[in-house]
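*Asks:* Using the hints provided, position chain B relative to the given structure of chain A.
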Amino acid sequence: MFAILYSCKKEEGCTDPVATNFNSDAEIDDGSCNYPAEGCTDSTASNYNPYAILSTNTCEYIGCTDSTADNYNIYAIYDDGSCEFSTTPYIIETPFGFPNMIIPDNNPTTIEGVLLGEKLFHDKILSGDESQSCSSCHQKELGFSDGNRFSAGIDGIIGSRNASTLTNSGWNTSFNWDGSVSSLEEQAFEPVVNPIEMHNTWANVETKLNANGEYLQLFKEAFNINYIDSNHVVMAIAQFERTLVSANSKFDRYIEGNEQLSASELSGYAIFNSEKGDCFHCHGTQLFMDNDFHNNGLDHEPFLDIGLASITNNPADNGKFKTPTLRNIEHTAPYMHDGRFSTLEEVVAHYNSGGIYSSTIDPNMKKVGIGLQLTEQEKADLIAYLKTLTDSDFLEKK
Amino acid sequence: MKKLLLLSITIAITFFACKKEEGCTDPVATNFNSNAEIDDGSCEYTPISTNLTINFTHTVDATNFILGAVGTLPYTNNAGQPYNVKRLWYIISDITLHAEDGTSNLIKDIHFIDASEVSTLSFITNDLEDNNYTSISYTMGLNPTKNISNAYVNEDFHSKMFWPEFIGGGYHYMKLEGNFNDSITFYNTHTGPTNGEDYSFIHTDIITLVTTETTSEAIISINMEINNWYQNPNSITISNNGIMENMPIQMQMKQNGSDVFSTLIN
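Going down the list, the sequences are from chains A and B.
Each number in my numbering corresponds to the 1-based position in the first sequence with 6 added.
Each number in my numbering corresponds to the 1-based position in the second sequence with 11 added.
Isolated chain A, as found in the complex (with noise of 0.2 Å):
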């Protein structure tokens, strides 16, 4: 009977393991509990002890490291990739006379997306034997053109066309010589994997750049991403080529009033701007283009590049080629879309001829077979007329 009773008896005590005096034995909990006063009483803390009374402050916490990111913890030691970077808008100043610059919804101009894009731009990263990068066909310089008819590529294989110049290439609606795409964005795709340029794949580029600590930064902070995907590769360098922006050549101080032209560049500006020399029907406005394209009476047919035809398969587009701005055409040289003229001499040469008749020259080329007859004097004014269109400061601003 007691012995029965003894074993009815359960053993009172601390119940709680964490307690400091918990009792194994104990199987009814007395309340007489005892916990450790000290430790981390933060609750959003990793380690945070819930029943600590007295902060110990040796909390820890994981978070965003990065003091730069938005939500950035400054208690964390751990980051756990939960960091967000805000992007600051890059304003692109419209100068005068120049219309709305294209921007994608999708990829609107930021600070962060602008330095990632001139670093990528001018990074060798992208070719194929890290040997070439964009800026070695785009030089500013020479008004982030090339200075050679065509451009080798990577395997020294030389193209077919000049390299085009990125002035205010932000306001093109179209780009290449043939017009082959319509945003900068589509643009940049191609020259990467192009065997005759660049000749990488787009997998080893993200590869390479996912293996690269400062890209990871990089593109994190402008695109708010963890994985660097070649879109965004894309549409960084975009947003780099939209900031070449050139307005501030002698011309444009001249329409101004800040500067004067001499008597030989105002009678190139005549000449330029009168059917005498009949240049401003397709290199008018203040971009210096018409994002048309144009047979400007190059060659007899057959022609060896059909050029905008060979986007579009129409024969009435056979040889014609975008028309390039004029900005900073004294140092884009050489000319035309396959570099054929190294001087403007030439270029001025070739339409005081009054070009070759074809099926498709443009119907502006009016002094086809005639030409337009100017003298030495004339041509040399408007080759003048020609270089205030330089600005000095696009090309040579850091």
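Since the hints were derived computationally from the structure, they do not count as laboratory data.
None of these values were measured; they are calculated from a predicted model.
Heads up, a few of these hints could be off.
In silico SDA-like cross-links for lysine to any residue, where the CA-CA straight-line distance does not exceed 25 Å [what the hints assert, rightly or not]:
#1 Lys403(A) x Ala315(A)
#2 Lys256(A) x Glu402(A)
#3 Lys385(A) x Gly253(B)
#4 Lys157(B) x Lys256(A)
#5 Lys119(B) x Glu402(A)
#6 Lys130(A) x Leu250(A)
#7 Lys256(A) x Glu176(B)
#8 Lys282(A) x Asn252(B)
*Replies:* Frame of chain A, contents of chain B only:
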């Protein structure tokens, strides 16, 4: 007495049968009366909006115009020169309908036409105000208050119609270009504000266009008779010399323009 009653009933029935019911007889009216045989002018309608389509058409000597094919010169102008048209771009502005009650209705401020672009050959204005329109007017080109350099930098026609500041600034009114004579050289009939002079002009046509609450669609066609640019009253020969700085020819073109346009209500 019985006879009289019967007669009366007969008369009444006859009379009743002869009396046709009056009411709204138009099935699309909201108060259509299917028993009504005589419309009494009481029909009521749910007002519907009128969509006005303006078409731009082009003819040469009243035949349909086709943009020039290579090596063919299908047209002949008043001066006897064979020619074709390879490019036809122009601006029509201040397209306005004028109503009997003296009010005017601006339909479109500026419209750019590229004969090779179907999308520019017509436009639609929704919700044309109902009225009794008796004339239409429009400006060939842009009048001086509109024709200002860089005023339309964001419009498609800005780079196409740009007229250099050096020879007056603003925009071309028209670019009419093609081959002539030998089919190799080109004429460029470019009109615009030479040296700042205004050669735009307003064309007005009398029309009959009554739109009511039941009118859902109205179509107006504005036709350009291309050969008339070169005749009446001035016979103009085309050449490979540009005319952009030629003020006498710009004036002649303006004068010839008086019978270039015509309006058709479809």
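*Asks:* Determine which of the earlier numbered hints do not hold for this structure and return their numbers in increasing order.
*Replies:* 1, 4 and 5
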